[in-house]
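K.L.:
Each chain, written out:
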Amino acid sequence: MTQSKSSFTWRKITESKLFFPFIALALILLFDLIFIPRFFALTTQEGHLYGNLVDVLRNGSCVMLLGIGMTLVIATGGVDLSVGAVMAIAASVAAVMMNPVIIGLKLPPNLMKFINDPNFTYSPLWAVILVTLIVATICGLWNGLLVAYGRIQAMVATLILMIAGRGIAQLITNGVRIQIFYEPYAFIGQGWIVLPFSLYIVAAVFAIAWVLTRKTAIGMFIESVGINFRSSYFSGIDEKKIKLLAYTFCGFCAGVAGLVASSNIKTSDAYNIGLTFELDAILAVVIGGTLMAGGRFSLFASIVGALVMQAITTSMYAIGVPAFALQAIKGVVVVLVILLYSEQVRGLLHRITAQKGA
Amino acid sequence: MAESNNHILTMKGVYKAFPGVQALEDVDFALRKGEIHALVGENGAGKSTLIKVLTGVERPDTGTMTLEEKEIHVRSPQHAQALGISTVYQEINLCLNLTVAENILIGREPMKWGSVDWGAMNVQARQLLQRLDIDIDVTQALGSYSVAIQQMVAIVRALEISSAKILILDEPTSSLDAYETERLFEVMRKLKSDGMGIIFITHFIDQVYQVADRITVLRNGKLVGTYDVAALPRLELIAKMIGRSLTEFDDMTKIKLESSKHIKGEALLRARGLGLTGAVEPFDLDLHAGEVVGLAGLLGSGRSETARLLFGIDKPDNGTLTFAGKVIKAFSPLASIVRGISLSPEDRKADGIVDDLTVRENIILAMQASRGWFKYLSMQQQYEIADKYIQLLNIATPSADQPVKNLSGGNQQKVILARWLATNPQVLILDEPTRGIDVGAKAEVQKLVLSLAEEGKACVFISSELEEVLRTSHRIVVLRGREKVTEFTGEVDEHKLMQSIAGSEA
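Note that the protein sequences, when read in sequence, are chains V and P. Note that our numbering numbers the first sequence so that position 124 is 124, with each residue one more than the last. Note that our numbering numbers the second sequence so that position 49 is 407, with each residue one more than the last.
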C-alpha cells in the first residue's frame, strides 16, 4: 500500500510542468558544481550581491522578459519571431527621446553643452519609458492584428516585423548608433538593490502576466483557444481578441526587454540589440514545457526555461569556451535538454520508475 | 483444442489501467475466421481500449494475444497492420486536405520513374471505391465530402491493405444513413465469406442483429460473456450491457405526455423566412417554452445548417429571427449565449470538447465566456458548478480535474451538455447529442431533454435515429434536400414520417 502511495506522489511530481525544467537546470548546475570551482561563490560589495549565479539571473533577465510574453503567444498556438527586432525599436525610441540631436533636432544653444552630461535628458525618464513601451505595444498589436484578424500564419506575420523591425529602428535614429549618457536610465539595466534592478522588473512583469492570466479567465481562454479554437468559438470565446491580447502583451514585454538591454550597453544598437533573442525566448518556453502547438502553459516554467538557457551560456563562458564557439556548444546542450522532453525518453523514465515501484 | 483451430485471434487475461481508471480487467476475446463479431457495451465499458490494445495503440499491462496460433506482441499500429490487423476508427483519422486518392493510397502510392504516378493512383483509388459502389471524384480534397463519404473512404483504405486478416470497424455506421449502412453491411458479408474476421463495434443494437454472428459484451472493463446472436434475445442483450432492466424507455412516453402540458402560448424563438443561400432554404419555425422540437431528416438534409443559423454561427442572408419578441441583429455564438440560446454541436471532437482542459474547465467554459474576461468564477464556484453537473448527469470521472480527453465518448458528451446547461439557456439546440454513446446514456440524455422542457426550456433535438426523435419530441420538423418539408404534431404516424423524410409519396 505504502509503495503504491509513494509511486503515486512520484508520478504527480514527474507529471508536473515544472519537473523537467527544474531537472534541466539542476543538471547544468551539477555540471558547474563539478567542473567549475567557485561557480557558486557569492560576494558582497557595498551591500550588493555578485557572483556567477547572480550573473545568470541578471543576464537572463531579457530572455525571461521575452519568455513571459512568448509563453502566452505560443499557448494560443502561434509564435512571435519579431521580439528581438521590437527590442531594437524600443531601444531606438528611448535613445532618440533622451538625445534627439542626432536626428537633426536643433536644441537651444544653452542646452547643447549638456548633451554629454550624465544628468541631462531631453525628455524626462517617465516619458521615455512610457512612449517606448507604447511603441513596443503597438508593434505587438500590429502582429496580433495580422494573425487574429488578417488570418496570416503567425510565423509569416511576425517574420514581417522581424525583418522590417531593425530597419525601422535605424530609421528612427537616422541610421546612427546613439550613445546614452543619462545615468538614471542606466540604472534600469545596471542598477543594484542587493540584487540587480532588472530582476525586480522581471518580477513586476511576471506579476502582471500572472494576475492577468490566472486571476482572470484570460489564461483559461488562451489555453482553450490554443487547444481547440473551434470549440472555443462555439463556446462563445472571442478567439480573435484573445490572440490580439497575447501578441500585444508580447510586444509590451519586448519593449521592457529593449529598455533593459539598451540601458545595459548604453547605446541604441539597432543591429545587435536583441539579435537572435527571439529564438532563445522560444526555446525558453519550449523548455518550460509549453507545446509549440499551443495549449497548457506555465509562466513560471518558462522563467525556469529562460534560466536554463542563460545558465548554459554563463557556464560555457566560465569554463572558457570562446565566444565564437558558444552558439554551437549551446545548440548541443539544448538538444540534450529537449531530448528530456521526448515521449520516448519520458516513457523510458516512467518504465524505470515503474520497475522500481514493483 | 479442435475449436481453437477455427480461431484467427485470441486474447486472454488482458489488463489495462489508465490514471484513475481500470479500463480492462481480465478480458478474454476470441475471433473466428469468417465471422462478424459484434463488440458491445456501455460508454467506458472498455471496447475502445480493447481495440487499442489489439492494434498496438496501447500496450496491455498483462495478458496474451495469439494470432493464427502464434503469440504476438503488437508494438505499434504500423506493426498491427503488418500483422494483418486493419482498423477503421470511430473518429475519422484521415487528412481532410489531401485528395480522396491520396488518402486511400498514402504510403503505398504507385510509383513511376521514381515519383508518384498520379494517373495510376487515381485509377486505382476509383476502382477500390467502386467495390463499395461509391462513385466520386477521387482528385477532390476529402474534406469537401460529407462525413459519410469520409467514413467509406476510411474503410476502403483499411481494406486496401491486402494482407488484412482482421478488420476492425469502430462505430462505422454512426454517421451513415440507412442506405449507406446497408451497403456497408453487404461489403462486410462479402469479406466474411472470403474468410476475414471482422470485429464490429456499434451502439446500434438493430445492426448487431442484422449482420453479426456472435456478440461479446463488456461492462465496466470486465467481460460479461460471448454469445451466439441467435441465442441471445435483444432485451437480454441490453440487460447484460447495462446491468439493469430498461423500463425507463416506457416511462419516457409518460414523461413526454406530462411535460407537453407545460408548453406555453407565445413563441420564444421565431424564425420567419430564415435562410442562407447554399445552406438552408428559407423556413418558418416557432419554438415555444417547454417544448421539444425534433429535426428529422437524412444526412445532408440541412439539419445541422438549421441549427447553426438558429445559434448564430452562420449569418442568415434571408428572413428574420426573433427571440422573446426582439429581432436578433448580432449573430455570433457569444451573443446567442448571452441571450440564452445554446447549441451543442454535432462534431464533438472538433467543435465540442477542449481535450486538454479539465472536466471542470470544460463545464464552465461557455458560462465564463458569457461573463467575460474579468468576472472570473472563483475556484470554489467552479468546483461547485462542475461537481453539481457531474452528479446531475452522472458523469463517470475520477475527479473534476481530470483532462476531458481521458473520459469515454459518452461522458465527454455529458460534459458538453453540462457546459450548455451551466449557461442556463432558455433555448437549447442539441445536434446529435447521443451520437456514439451507449443505450443507457442515450436514455439518460433523452430523459434529461424532456425534464428540461418541463422546466420551461425550449429544446431543438436533432438526431439521425428516428426512433429517438419520435420518443423525445412534441413536434417533429422534417427536412429534405436543405429545405423544411413539413411538420408533424401530436400523434405521429411513423410510416408517414418515414415517407416524408425519404421523399416518396407512395
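No lab work stands behind these hints: they were computed from the structure. Here the structure is a predicted model, which is why all the values come from computation and not from measurement. Backbone N, C-alpha and C define an ideal beta-carbon position, used for all residues, glycine too. Each hint should be verified, as a subset may be incorrect.
[To be verified] Think about it this way: if two alpha-carbon atoms lie no more than 27 angstroms apart in a straight line, the pair counts; the simulated DSSO-like pairs of lysine-lysine are:
| hint | chain 1 | residue 1 | chain 2 | residue 2 |
| --- | --- | --- | --- | --- |
| 1 | V | Lys241 | P | Lys707 |
| 2 | P | Lys763 | V | Lys240 |
| 3 | V | Lys241 | V | Lys215 |
| 4 | P | Lys707 | V | Lys240 |
[Claimed, not checked] To list a few chain P residues with every Cβ distance to chain V over 10 angstroms, as calculated:
| hint | residue |
| --- | --- |
| 5 | Thr422 |
| 6 | Leu701 |
| 7 | Ala708 |
K.L.:
Are any of the numbered hints broken by this structure? If so, which, sorted upward?
P.N.:
6, 7
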